[in-house]
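Chains as they are written, first to last, in my numbering: chain A, 470 to 837; chain B, 470 to 837.
Keep in mind that the hints are not guaranteed to be accurate.
Reference excerpt, derived from the structure (chain A facing chain B, CB under 10 Å, subset only) [as the list claims (entries may be wrong)]:
1) 482
2) 597
3) 758
4) 790
Covered by chain A, per the in silico footprint, the following chain B stretches (three or more residues, Cβ under 8 Å) [unchecked claim]:
5) 491-498
6) 771-784
7) 790-800
By construction, these hints were calculated from the structure, which means they are not laboratory data.
The beta carbon of each residue, even a glycine, is placed where N, CA and C say it ideally should be.
Protein chains: 2
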Amino acid sequence: MRIGILGAGQLGRMLTLDGMRLGHEFSLYDPAGKASAGVGTIYNDPDGQHLATFLNETDVVTYEFEHLPLDLVNRIATEKPVHPVPRALQCCQNRTLEKALFRDLGINTAPFEVVESAEALQAATQRLGGRVVAKSATDGYDGKGQAVLDTPEQAPQAWPRLGCDTAIAESFVPFRRELSIVAARGQDGEMAFYPLAENIHHQGILRFSIAPAPHVTPELEDQAQRMIRTLMNELGYVGVLALEMFETEEGLVANEMAPRVHNSGHWSQNGAVTSQFENHIRAVSGLPLGETAALQPTCMINLIGETGPVAEILRLPYTHLHLYGKAGRSGRKVGHINILADSLEELRWRAMNTASLLPECPEFDWRP
Amino acid sequence: MRIGILGAGQLGRMLTLDGMRLGHEFSLYDPAGKASAGVGTIYNDPDGQHLATFLNETDVVTYEFEHLPLDLVNRIATEKPVHPVPRALQCCQNRTLEKALFRDLGINTAPFEVVESAEALQAATQRLGGRVVAKSATDGYDGKGQAVLDTPEQAPQAWPRLGCDTAIAESFVPFRRELSIVAARGQDGEMAFYPLAENIHHQGILRFSIAPAPHVTPELEDQAQRMIRTLMNELGYVGVLALEMFETEEGLVANEMAPRVHNSGHWSQNGAVTSQFENHIRAVSGLPLGETAALQPTCMINLIGETGPVAEILRLPYTHLHLYGKAGRSGRKVGHINILADSLEELRWRAMNTASLLPECPEFDWRP
Numbered sequence: 470m471r472i473g474i475l476g477a478g479q480l481g482r483m484l485t486l487d488g489m490r491l492g493h494e495f496s497l498y499d500p501a502g503k504a505s506a507g508v509g510t511i512y513n514d515p516d517g518q519h520l521a522t523f524l525n526e527t528d529v530v531t532y533e534f535e536h537l538p539l540d541l542v543n544r545i546a547t548e549k550p551v552h553p554v555p556r557a558l559q560c561c562q563n564r565t566l567e568k569a570l571f572r573d574l575g576i577n578t579a580p581f582e583v584v585e586s587a588e589a590l591q592a593a594t595q596r597l598g599g600r601v602v603a604k605s606a607t608d609g610y611d612g613k614g615q616a617v618l619d620t621p622e623q624a625p626q627a628w629p630r631l632g633c634d635t636a637i638a639e640s641f642v643p644f645r646r647e648l649s650i651v652a653a654r655g656q657d658g659e660m661a662f663y664p665l666a667e668n669i670h671h672q673g674i675l676r677f678s679i680a681p682a683p684h685v686t687p688e689l690e691d692q693a694q695r696m697i698r699t700l701m702n703e704l705g706y707v708g709v710l711a712l713e714m715f716e717t718e719e720g721l722v723a724n725e726m727a728p729r730v731h732n733s734g735h736w737s738q739n740g741a742v743t744s745q746f747e748n749h750i751r752a753v754s755g756l757p758l759g760e761t762a763a764l765q766p767t768c769m770i771n772l773i774g775e776t777g778p779v780a781e782i783l784r785l786p787y788t789h790l791h792l793y794g795k796a797g798r799s800g801r802k803v804g805h806i807n808i809l810a811d812s813l814e815e816l817r818w819r820a821m822n823t824a825s826l827l828p829e830c831p832e833f834d835w836r837p
Numbered sequence: 470m471r472i473g474i475l476g477a478g479q480l481g482r483m484l485t486l487d488g489m490r491l492g493h494e495f496s497l498y499d500p501a502g503k504a505s506a507g508v509g510t511i512y513n514d515p516d517g518q519h520l521a522t523f524l525n526e527t528d529v530v531t532y533e534f535e536h537l538p539l540d541l542v543n544r545i546a547t548e549k550p551v552h553p554v555p556r557a558l559q560c561c562q563n564r565t566l567e568k569a570l571f572r573d574l575g576i577n578t579a580p581f582e583v584v585e586s587a588e589a590l591q592a593a594t595q596r597l598g599g600r601v602v603a604k605s606a607t608d609g610y611d612g613k614g615q616a617v618l619d620t621p622e623q624a625p626q627a628w629p630r631l632g633c634d635t636a637i638a639e640s641f642v643p644f645r646r647e648l649s650i651v652a653a654r655g656q657d658g659e660m661a662f663y664p665l666a667e668n669i670h671h672q673g674i675l676r677f678s679i680a681p682a683p684h685v686t687p688e689l690e691d692q693a694q695r696m697i698r699t700l701m702n703e704l705g706y707v708g709v710l711a712l713e714m715f716e717t718e719e720g721l722v723a724n725e726m727a728p729r730v731h732n733s734g735h736w737s738q739n740g741a742v743t744s745q746f747e748n749h750i751r752a753v754s755g756l757p758l759g760e761t762a763a764l765q766p767t768c769m770i771n772l773i774g775e776t777g778p779v780a781e782i783l784r785l786p787y788t789h790l791h792l793y794g795k796a797g798r799s800g801r802k803v804g805h806i807n808i809l810a811d812s813l814e815e816l817r818w819r820a821m822n823t824a825s826l827l828p829e830c831p832e833f834d835w836r837p
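Sequences are here, hints too, so could you generate the full structure?
Structure below.
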């Protein structure tokens, strides 16, 4: 079977590296013409000249990136099976739809209003009360297109910074920590859930994920699984889905979802029985899902801007390096390291030590 | 760094899949024109037309296959660094040189004589006494080019079956089991040793490897490490080397070596901290070696002839599937399965169950 992937960055690369072991072949199609995956048959195709060739040779199409032209994906879906379903893409491209989906499915999310002007943002902030986070309805990722308002009067300054026509104003969630759940759903409706990950951001970019997240009660795990199960069943989802959540005094609050393999699931490459990449490929190619249990406590550290001292990293006996073959550039994800340990305390020391070697990496001051 | 691999079969494929994670790029050059790797930049080049291009783009050259034209490899070595050293290739292409190397280095091996005719084979069998195994000096693998003689009088029938001008006649070793050791040596002389594997053949082809092999005393492990360390140091070896051995009442007897990643090391992909493939690439690219410790008892099962029922295999929560993207054909290695378990007893049941699903797979009647 030849699997087509829309998008050809590091996620497409890692999907291909794991998917080839299942005997599949891969074609990666990048409508932005910025392919970096370096594996599979690559179509760098900003002009759409190679779309027919790509579709002709693929048996099924998936994607590694949610900011794809929706009309392109819908068009492809008339010719080939597309997993996950394009509606998932549509919801994830637009926070208005995504928040409405959460609300309609009874998934706990922060109170919100849709706003289309500075005045509307000010009024919404007044109504919501307290601190408000404003987010561009489209195109936001890695903390871009966001503003925090402590008072309604900050709306006139905040609005132009969002750079959009439509935004979501939502109550700030006083959270203990950010958690995420990654799950897979097969073509027969079978589901598999990875243990929750605890995520630490710095300057709006994910830096560290610890999985399985410690201090997750069975109730919390169950709440997370119910939320993502509800989403996957509603969407008739096939593939890997990620859901970012806030942990609060009253349980979990859903923040946003990603219809693809997710940075907070990279730990599974070394820390789980089956990686999220393999499970995504198993799902979209109609194979049974693999075991998602964790092998050991794992910490994923993103390499941002540059790869750092590769030989020094590899000399540590507990590191697993994953480089993306991309040139270094400030703020760019160029790789990650998975660190395993027998205990959380040992994991903490190993991650601190590894982080201290890396340029542009914040201190790892996490405690289990 | 772009690494060139001579040979483009499943070993080149798995070297590439693991090596890309270290940020390297790969070109695979097949002088036999039978590339099946399906990854990296492939040169299917029986006429030698693309050799210059291949060499021009690669920084270092390694190989996945020992039956390469030696003059080709020597020529390449005048232009680019070749790891492992071509002398290793030369020794492994010729049992006469290989046995002499073992003997000269004091590595315990079965008594042998070089023979070049049926008469010489008969006389050597007489002198060696007891059962004798005759092996073609060159081109033998997977049990081909071999004959067993119980009496000297069988030489006239045995000789033509070897199909060669020069052969080795060696005393049959009454062994308990076949073991192998896989080790890596870096460019700075650093070495790393995998735990020994126990190997089970059927019809001359490796079917099962169990690692770490049970009932390996520290003395046995030490003897294996001393043998392979001696070989690597003598050769100035860089990369992964495998040594097949017989376990006897009196300890280990070296059988043959392979200057490359080895089928009996495939278990390390899922069962060890660092796979043999990653360690080979680390070594030839001048990086520090990775930890070789086993994570869990592991059994590797080769898929011979056809892949079998892929979905059924993947439904078992303890299997890791590795397919080579090759068409099925009787006797051909098309993939393997790594099975992990917490205990040897559980491993045995899991391997028995998995083997029972596979076509052309002998029963797994091993006991720890």
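Cross-check of the supplied hints:
Because the smallest distance between the Cβ of residue 482 of chain A and any Cβ of chain B comes to about 8 Å, under 10 Å, the interface hint for this residue holds. Look at residue 597 of chain A: its Cβ only gets to about 45 Å from chain B, farther than 10 Å, so that hint breaks. Of the supplied interface hints, the one on residue 758 of chain A holds, with its beta-carbon coming within about 8 Å of a beta-carbon of chain B, less than 10 Å. Taking 10 Å as the C-beta contact cut-off toward chain B, the hint placing residue 790 of chain A at the interface holds, the least distance being around 6 Å.
Chain A is given as covering the stretch 491-498 of chain B, and this holds because 3 residues of the stretch bring a CB closer than 8 Å to a CB of that chain, at least three being needed. Here's how the stretch 771-784 of chain B fares: 5 of its residues keep a CB closer than 8 Å to some CB of chain A, so the rule of at least three is met and the hint holds. Counting residues of the stretch 790-800 of chain B whose C-beta lies closer than 8 Å to any C-beta of chain A gives 5; at least three are required, and the coverage claim holds.
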